[in-house]
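Participant: Sequence:
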Amino acid sequence: MKKFRLNFITLLALLVITSSCSKDDSSPDPEQVTCSDGLQNGDETGIDCGGAACEPCLVNINNLLEGDVSEDLTLDATVAYELVGAYVVRAGASLTIPAGTTITATGGTAAYIAVERGAQIFIEGTASAPVVMTSGSSAPAPGDWGGLVICGDAPTNKGSNVTSEVADLTYGGNNANDNSGSIRYLRVEYTGATFSNDKEFNGVSLFGVGAGTTFEYIQSFQGGDDGIEFFGGTVSGNYLVSTGSGDDSIDFADGWNGNGSYWYIKDGAKAGIEGSNNGDDGNASPVTTTTLSHITVLGPVTEGALYFKEGGGSFTITDFYTDSIDLGVKVKDTDAAAAARIENGDLIISAMQFDNPSTDFEITDYTGLNQTFVIEGMTLGAGNGAGAPSWSNGWSRGL
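To convert, note that position 181 of the sequence shown is 166 in the numbering used here; the numbers rise steadily by one, no gaps.
Just so you know, these hints were derived from the structure itself, not from any lab.
Fair warning: there could be bad hints in the mix.
With a cut-off of at most 25 Å between alpha-carbon atoms, the simulated BS3-like pairs for lysine-lysine come out as follows [as the list claims (entries may be wrong)]:
1. Lys184 <-> Lys251
2. Lys251 <-> Lys317
3. Lys255 <-> Lys317
4. Lys184 <-> Lys255
5. Lys184 <-> Lys317
Only a predicted model underlies this, so the values are computations on that prediction, with no experimental measurement involved.
Model the full assembly from the supplied sequences, consistent with the hints where possible.
Facilitator: Structure (structure tokens):
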């Protein structure tokens, strides 16, 4: 296969000089190929990747990000990256994003970062230098781009080898301790591009992600759909912030068996937290099971501080602070599986505080026999009641 030395000048030449791909070209080969990670940077040389037309390795022109990452790659925090398409870390490869890196995105549903099952991502932000993924628009708004999608090999009650609702990647398996990497001190902004009324990106979507993965100090800011959502899996999420989500702020479903602590939720459009088992079968196994603690939900919210739906699950929640809401726990009357779990004592909330409730406030709209699953008590929730918690200082915004 013909070898090329690509730089900014020769790349332009490749676009207009098709004869460079001719089998009759007898020009001497350039220096040894050094592009081996699927992305050609700086003065690396590349190869013709074949196909109907001569296609060199993907080139990071003006720091544009799109295409596949097929071998381990580390970005450079001093570079202002632009995400202009799907950027997918393939199985066996890893992507490392160092502290202080900013990635701006344009392109609606076409622009997202995804981690395939069997791949890893290492986001290494710090409190003083978070990694930021945001809109590249001059007038940023929710839904400007997709979001971050991570797929793993941990169990879900949708089965194994399921296709993610966005990015069309396979997820789910039998490895509860699967490791998709480490994500710390990340802020995603203006995500949530929409395909249709029932298919849109979240800020961060975790599909079957395993307990070996670290997921903490994450904020979704002004997303068009859910802020953060767990689709099955066993990964835990700690020190999470969701502000201004267009749907639910933090959502978990499909047999998620992780835990969470220190969640700060503000200005979400629908539920503060939505917890469900399975939309097709409320009794599907494994049942969504979680222990949550130190939660703050600031209203108004239209579907409760907690929406227990689609079979709910087994939830134990402590230190749950709310402010300016009209409903503590929402449960649909038609959700027989969720009602059965409440009657069985599978939903327990203790030390739940309701500050500044609306005039028509209800602790719950559940009408079954068990009316004692919520125990009121004083708490600081995520750490500071309605105020921004100290652990959010430096890396979050809009609190």
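Participant: Now tell me if each hint is right for this structure.
Facilitator: Okay, the hints, checked on the actual structure:
A threshold of 25 Å between alpha carbons decides the hint, and for lysine 184 with lysine 251 the separation of about 23 Å falls inside it, so the pair holds. Among the hinted pairs, lysine 251 with lysine 317 is consistent with the structure: their alpha-carbon atoms are about 23 Å apart, no more than 25 Å. At roughly 15 Å between alpha-carbon atoms, lysine 255 and lysine 317 fall within 25 Å of each other, so this suggested pair holds. About 17 Å separates the Cα atoms of lysine 184 and lysine 255, which keeps this hinted pair within 25 Å; it holds.
Between lysine 184 and lysine 317, the direct Cα distance comes to roughly 23 Å. Compliance with the 25 Å bound is thereby established for this hinted pair.
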